[in-house]
Amino acid sequence: MKFDTPAGINPIDRETVIGKPHPRIEGPLKTTGTAVYSYENHAVAPNAAYGYVVGAGIAKGRIASINVADAKAAPGVLAVITADNAGPVKSSGFYVAKPLAGPDVDHYHQAIALVVADTFEQARAAAGLIRVDYTRGKGAFDLPAARAGAKPHQRQPDVRIGDFEGAFAKAAVKVDQTYTTPDQSHMMMEPHATIARWDDDELTLWSAQQIVGWARRDLANKIGVPQDKIRV
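Each residue of the sequence shown is one higher than the one before, starting from 28 at the first, in the numbering used here.
Read the hints as simulated data drawn from the structure, not as lab findings.
One or more hints might be untrue.
[Unchecked claim] Calculated pairs, SDA-like style, for lysine to any residue (alpha carbon to alpha carbon, straight line, at most 25 Å):
{"hint": "1", "residue 1": "K125", "residue 2": "I85"}
{"hint": "2", "residue 1": "K99", "residue 2": "R224"}
{"hint": "3", "residue 1": "K249", "residue 2": "P209"}
{"hint": "4", "residue 1": "K256", "residue 2": "M214"}
{"hint": "5", "residue 1": "K87", "residue 2": "I222"}
{"hint": "6", "residue 1": "K125", "residue 2": "K201"}
{"hint": "7", "residue 1": "K249", "residue 2": "D227"}
{"hint": "8", "residue 1": "K87", "residue 2": "G176"}
{"hint": "9", "residue 1": "K87", "residue 2": "H69"}
{"hint": "10", "residue 1": "K125", "residue 2": "H69"}
{"hint": "11", "residue 1": "K165", "residue 2": "A138"}
{"hint": "12", "residue 1": "K47", "residue 2": "A138"}
{"hint": "13", "residue 1": "K249", "residue 2": "Q211"}
{"hint": "14", "residue 1": "K201", "residue 2": "D190"}
{"hint": "15", "residue 1": "K249", "residue 2": "Q236"}
{"hint": "16", "residue 1": "K125", "residue 2": "A138"}
{"hint": "17", "residue 1": "K99", "residue 2": "V159"}
{"hint": "18", "residue 1": "K125", "residue 2": "A167"}
{"hint": "19", "residue 1": "K125", "residue 2": "G251"}
{"hint": "20", "residue 1": "K256", "residue 2": "K201"}
{"hint": "21", "residue 1": "K125", "residue 2": "A173"}
{"hint": "22", "residue 1": "K125", "residue 2": "Y135"}
{"hint": "23", "residue 1": "K87", "residue 2": "K57"}
{"hint": "24", "residue 1": "K57", "residue 2": "H69"}
{"hint": "25", "residue 1": "K125", "residue 2": "I222"}
{"hint": "26", "residue 1": "K87", "residue 2": "G189"}
[To be verified] Restraint-style ranges between C-beta atoms, simulated for each label pair:
{"hint": "27", "residue 1": "R158", "residue 2": "I45", "range": "54 to 60 Å"}
{"hint": "28", "residue 1": "Q254", "residue 2": "G103", "range": "44 to 50 Å"}
{"hint": "29", "residue 1": "A198", "residue 2": "G164", "range": "35 to 41 Å"}
Glycine included, each C-beta is placed from N, C-alpha and C at the ideal position.
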């Protein structure tokens with residue numbers, strides 16, 4: 028993408044955004060905890076089953092054995108899904124880690140099992156009954172070392188326009204400073220939860236998604252359903 032021509036007047040140029048008050052219609056609902064999140068639309072899927080994800084307890088390695096017998100026998104449990112019985116679950120080209128680990132574990136808390144039960148509490152309780160033995164592998168935890176020699180781009184993008192060195196040499200004021208920002212992680216208040224409903228061969232999801240098109244594409248690829256049969 029190359030920006031070599033003016034983009035035209037925008038709201039920032041008109042000074043109608045920065046420094047101006049704007050109503051946040053949903054603000055009071057979010058700050059008081061009364062906003063309805065996607066997963067709280069229970070009426071759209073009455074009598075739905077609940078799934079609880081069991082995450083890997085190691086950062087890198089393999090699952091030596093996994094015992095789900097006690098979990099399957101727990102009250103209310105409908106199914107326990109692992110890599111052994113899930114069937115083919117594809118990874119998309121954008122995400123390199125498998126959505127369901129087994130036998131290899133790629134990262135800490137990668138999903139290794141999904142317990143499905145009549146209630147959330149039953150699924151969570153049964154998940155605690157799953158016993159897993161791991162063969163630990165050697166993980167990579169040094170980010171600077173991992174970045175050494177990395178080549179994220181096959182070619183360097185052209186980001187030079189004009190004579191920077193000449194203009195900088197003639198500048199009346201020069202600032203030479205390095206700024207860094209720490210690692211950041213999203214801390215959204217909305218839980219990572221989704222409601223899914225099948226209507227014949229069509230699937231509808233109520234889920235918090237940043238890019239709906241990617242969600243449809245990746246889900247279609249993972250479960251083998253045409254995109255036009257999925258609505259998010």
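Hints, one by one, checked against the model:
A threshold of 25 Å between alpha carbons decides the hint, and for K125 with I85 the separation of about 15 Å falls inside it, so the pair holds. For the proposed pair K99 and R224, the alpha carbon gap of about 23 Å is at most 25 Å, so the pair holds. For the suggested pair K249 and P209, the alpha carbons sit about 34 Å apart, so the restraint of at most 25 Å is broken. With a C-alpha separation of about 32 Å, the suggested pairing of K256 with M214 is violated against the 25 Å cut-off.
Note on K87 and I222: the hinted pairing is violated, with a Cα-Cα distance of about 31 Å set against a maximum of 25 Å. The hinted pair formed by K125 and K201 fails the criterion: a straight-line CA distance of about 49 Å is larger than 25 Å. Our distance criterion of 25 Å between C-alpha atoms is met by K249 and D227, whose separation comes to about 19 Å. Straight-line distance between C-alpha atoms of K87 and G176 comes to about 23 Å, which keeps the hinted pair within the 25 Å bound.
Proximity of K87 to H69 is assessed by CA-CA distance (about 37 Å); at most 25 Å being required, the pair is judged violated. A threshold of 25 Å between alpha carbons decides the hint, and for K125 with H69 the separation of about 29 Å lies outside it, so the pair is violated. Between the alpha carbons of K165 and A138 the distance comes to roughly 19 Å, so the proposed pair stays at or under 25 Å and holds. The suggested pairing of K47 with A138 is violated, with an alpha-carbon distance near 45 Å, which exceeds 25 Å.
For the hint linking K249 to Q211, the alpha-carbon distance of about 29 Å lies beyond 25 Å, and the restraint is violated. For the given pair, K201 sits about 16 Å from D190 by alpha-carbon distance, which is consistent with the 25 Å threshold. A distance of roughly 17 Å separates the Cα atoms of K249 and Q236; the hinted pair therefore holds under the 25 Å criterion. A hinted pair counts as satisfied when its Cα atoms are at most 25 Å apart, and K125 with A138 qualifies at roughly 9 Å.
The suggested pairing of K99 with V159 holds, with an alpha-carbon distance near 15 Å, which does not exceed 25 Å. With a C-alpha separation of about 18 Å, the suggested pair K125 and A167 falls inside the 25 Å cut-off, and the hint holds. For the given pair, K125 sits about 16 Å from G251 by alpha-carbon distance, which is consistent with the 25 Å threshold. In summary, the hint linking K256 to K201 is not supported, as the alpha carbons are separated by about 58 Å, beyond the 25 Å threshold.
Distance restraint check for K125 and A173: the Cα-Cα separation of roughly 21 Å lies within the 25 Å cut-off, and the hinted pair is therefore satisfied. Between K125 and Y135 the alpha-carbon distance is near 12 Å, which keeps this suggested pair within the 25 Å criterion. The hinted pair formed by K87 and K57 fails the criterion: a straight-line CA distance of about 38 Å is larger than 25 Å. A distance of roughly 19 Å separates the Cα atoms of K57 and H69; the hinted pair therefore holds under the 25 Å criterion.
A distance of roughly 22 Å separates the Cα atoms of K125 and I222; the hinted pair therefore holds under the 25 Å criterion. For the given pair, K87 sits about 48 Å from G189 by alpha-carbon distance, which is inconsistent with the 25 Å threshold. One distance hint, 54 to 60 Å for the beta-carbon pair R158 and I45, holds here, with the actual separation near 56 Å. Taking 44 to 50 Å as the suggested C-beta distance range, the pair Q254 and G103 does not conform, at roughly 34 Å.
Taken as a hint, the range 35 to 41 Å is violated for the pair A198 and G164, whose Cβ atoms sit roughly 53 Å apart.
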